[in-house]
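Engineer: Going down the list, the protein sequences come from chains A and B.
Each step along the first sequence adds one to the number in UniProt numbering, with nothing skipped, and position 269 is 269.
Each step along the second sequence adds one to the number in UniProt numbering, with nothing skipped, and position 252 is 252.
Among the clues, some could well be false.
Unchecked claim - Okay, the calculated bits of chain B under chain A, using three or more residues with CB under 8 angstroms as the criterion:
#, stretch
1, 100-113
2, 215-224
3, 254-263
4, 272-278
None of these hints come from the bench; they were simulated from the model.
Bear in mind the structure is a predicted one, so any value in this text is a computation, not a measurement.
C-beta: ideal position from N, C-alpha, C; glycine also.
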Amino acid sequence: MASSDRILEVRDLVKHFPLNQGILFKRQIGAIKAVDGVSFDLHRGETLGIVGESGCGKSTLAKVLMALERPTSGSVKINGRDIGRAKGAELKRMRRNIQMVMQDPYTSLNPRMTVGDIVGEPYEIHTEVAPKGDRRKKVQDLLEVVGLNPDHINRYPHQFSGGQRQRIGIARGLALQPEIIVCDEPVSALDVSIQAQVINLLERLQNEFHLAYIFIAHDLSVVRHISDRVGVMYLGKFVELGKDTEIYDKPAHPYTQALLSAVPVPDPEGREQRERIILQGDPPSPANPPSGCRFRTRCWKAQEICAEEEPLLQIRPGTGHESACHFAETHDVVHIG
Amino acid sequence: MKRTSPDVLPAEGGHGDHPLLAVDNLHVEFRTRAGVVRAVNGVSYTVNPGETLAVLGESGSGKSVTAQAIMGILDMPPAVIPKGEIRFRGTDLLKLSEEARTQVRGQRIAMIFQDALSALNPVFTVGWQISEMFRVHRGMSKSDGMKKAVELMDRVRIPAARQRVNDYPHQFSGGMRQRIMIAMSIALDPEVLIADEPTTALDVTVQAQIMELLADLQRESQMGLILITHDLGVVADVADKIAVMYAGRIVENAPVHDIYRAPAHPYTKGLLESIPRVDLKGQDLYAIKGLPPNLLELPTGCAFHPRCPYRQDNCVTDSPPLYQISGWRGSACHYWREVLDGEQ
Ligand SMILES: Nc1ncnc2c1ncn2[C@@H]1O[C@H](COP(=O)(O)OP(=O)(O)OP(=O)(O)O)[C@@H](O)[C@H]1O
Ligand SMILES: Nc1ncnc2c1ncn2[C@@H]1O[C@H](COP(=O)(O)OP(=O)(O)OP(=O)(O)O)[C@@H](O)[C@H]1O
Ligand code: SF4
Ligand code: SF4
Ligand SMILES: [Mg+2]
Ligand SMILES: [Mg+2]
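The following block holds chain A by itself, in its conformation from the complex (with noise of 0.2 angstroms):
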């Protein structure tokens, strides 16, 4: 692809939050490695989908990228500029350019304000996009898009299930047409028969408008429908990176395997048969991740050389797309829906 197509284009980020002690005198004292030295670009029209465990980065990651938190170090370009440089208007206008469909639909909305009122308020920021006559209309046009009841515009949070209160989010991510959304677990708390529709109307304004995704989600099997290059976070890095069929076909790291082995298959036939890889234990904690290969302290391949020495993201022999392994190896582990 031209790099013109290139929408967004990340280098070596890093974010880091400082752990702090004593209550009247702070004393930083170490680091939580959220984001650490990821590197992608996404292209006009592109889905990546981003997956891993949690904690392991994928929202200060996309906090990142919204420019909601600064980078520690590195750097995020929008169409060639980068957000951590620009002041003023042009922030605003590529802030209006980049988009957040929130993870939490408990606590993403103000539960003092209606619904018009939630997804209209991108406009009060950015008024040309919706003149003030306008606004209702195009509120009640985005609730019927996302699957909602456009009378229930004068609605508060809580009169809704949590599922619904998740389509409140999605209406207002898409209220100002960006080029580039993130979605940051956009359909998991919604069911299936509502996840189809918020997922074939991502696609159906992705053609429409040429959109870009960062898609986050753990169903691995919609982000597989949806996305078009996939990246595995563990502990605040990628660790593979390549097509979908890569990934899900092919994946070469071990984390990776384990991954989609754990995923449930929808359907109960031969289910005492089949084989998990069972990760024991929680990732370790991000401000003192382990050194050399971050995934050795659950890796069931792990060599003395894991301990000491970091696998790089990098194309391995025998395999054809990007994984940071020492000893990387595709391996078809289970085909998932």
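Given the structure of chain A, go ahead and fit chain B with the ligands onto it with the hints provided.
Structural biologist: Using the frame of chain A, we list chain B with the ligands on its own:
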């Protein structure tokens, strides 16, 4: 184990001919300013010891409200239960005094909530919150309660439990908080555990751990499990039987294998068809069309009729009963035969 229960409460082990828990024709309404929200409209299901019932269904279909009614934690008002019974080993919980109910809640019927972060109190350590169960319900001392808390944290496989017992909820990851919730819910060896979307917010590796943990606990204690979820993969993995809800009703119930092989209700069929499949990549997913029903104004006849590809004229006027198809299998669809045969 000794339990101090008023005599109206059935003994553990109960009477052989009663299911462990039976929800029977339950109705729940919310009387709001906007009108009456009919959240649960005649739900019936049963769970037996050691059994896993999965409750699937549309968002807003009344899965959590039914669970809250079983637990006796609905805010009444605005909630009203105009009809129905919830029989625990044969005794209708809805007829018990609040005092007797307190004996059941959390002790004999326990629940894991949909949202673990907000269900834990941020200002108390997790050890304190777990040990509270033993102090309040078993009259244990603080230090004995804390010992029990460490034991339980070990049991739900929180690494270094002894060191972490004095940590606060925010110091744990989502998966660990969920395990702490599980620890609290199983603290008093409940006979029924209701798990409301216990893994929705979690990644698959943690989900696999937690589902395995629940299955182990169930094997150890013959606990009946009601698993509320919308994940058709998890259901296929662990359920013995399934109840599918729509607009506050059970629209289909069946043993797990039957439903995946051949659904008997158009809504269930639509759900199964909308799962993303590899061979359909690049195409639109099958999606059940239309909007979820407005509970303030439920459609006439069959509540699913505005969205149903099998609809006939009588569906608009006649509400389908839960037709008995065979043994433990029912469908609330006039045309279940056609659906079952895959005709359309
Ligand atoms: N504001 C903050 N201050 C300190 N630490 C933080 C902050 N935000 C996130 N973290 C930490 O950074 C790490 C990455 O968190 P993040 O929310 O990005 O994970 P995630 O991959 O989105 O997880 P999940 O799947 O649970 O949503 C975690 O250890 C988290 O506790
Ligand atoms: N306090 C309340 N006042 C009014 N309506 C309510 C109240 N609590 C719940 N409801 C309504 O009752 C219906 C059933 O809600 P419930 O929480 O049981 O849904 P659910 O099946 O658990 O959905 P989800 O899958 O989204 O969690 C919803 O439409 C909800 O809007
Ligand atoms: S580098 Fe070593 S520890 Fe890391 S994933 Fe590969 S084999 Fe496992
Ligand atoms: S009763 Fe009629 S409308 Fe309802 S599910 Fe069956 S065919 Fe569809
Ligand atoms: Mg997150
Ligand atoms: Mg619910």
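Engineer: Look at each hint and say if it fits the structure.
Structural biologist: Taking the hints in turn, this is what the structure says about them:
Interface restraint, the stretch 100-113 of chain B with chain A: violated (0 residues with C-beta to C-beta distance below 8 angstroms; minimum three). Chain A is given as covering the stretch 215-224 of chain B, and this is violated because 0 residues of the stretch bring a CB closer than 8 angstroms to a CB of that chain, at least three being needed. Here the stretch 254-263 of chain B counts 3 residues with a CB under 8 angstroms from a CB of chain A, which clears the bar of 3, and the coverage holds. Remark: the stretch 272-278 of chain B is confirmed as covered by chain A, as 6 of its residues place a Cβ nearer than 8 angstroms to a Cβ of that chain, reaching the required three.
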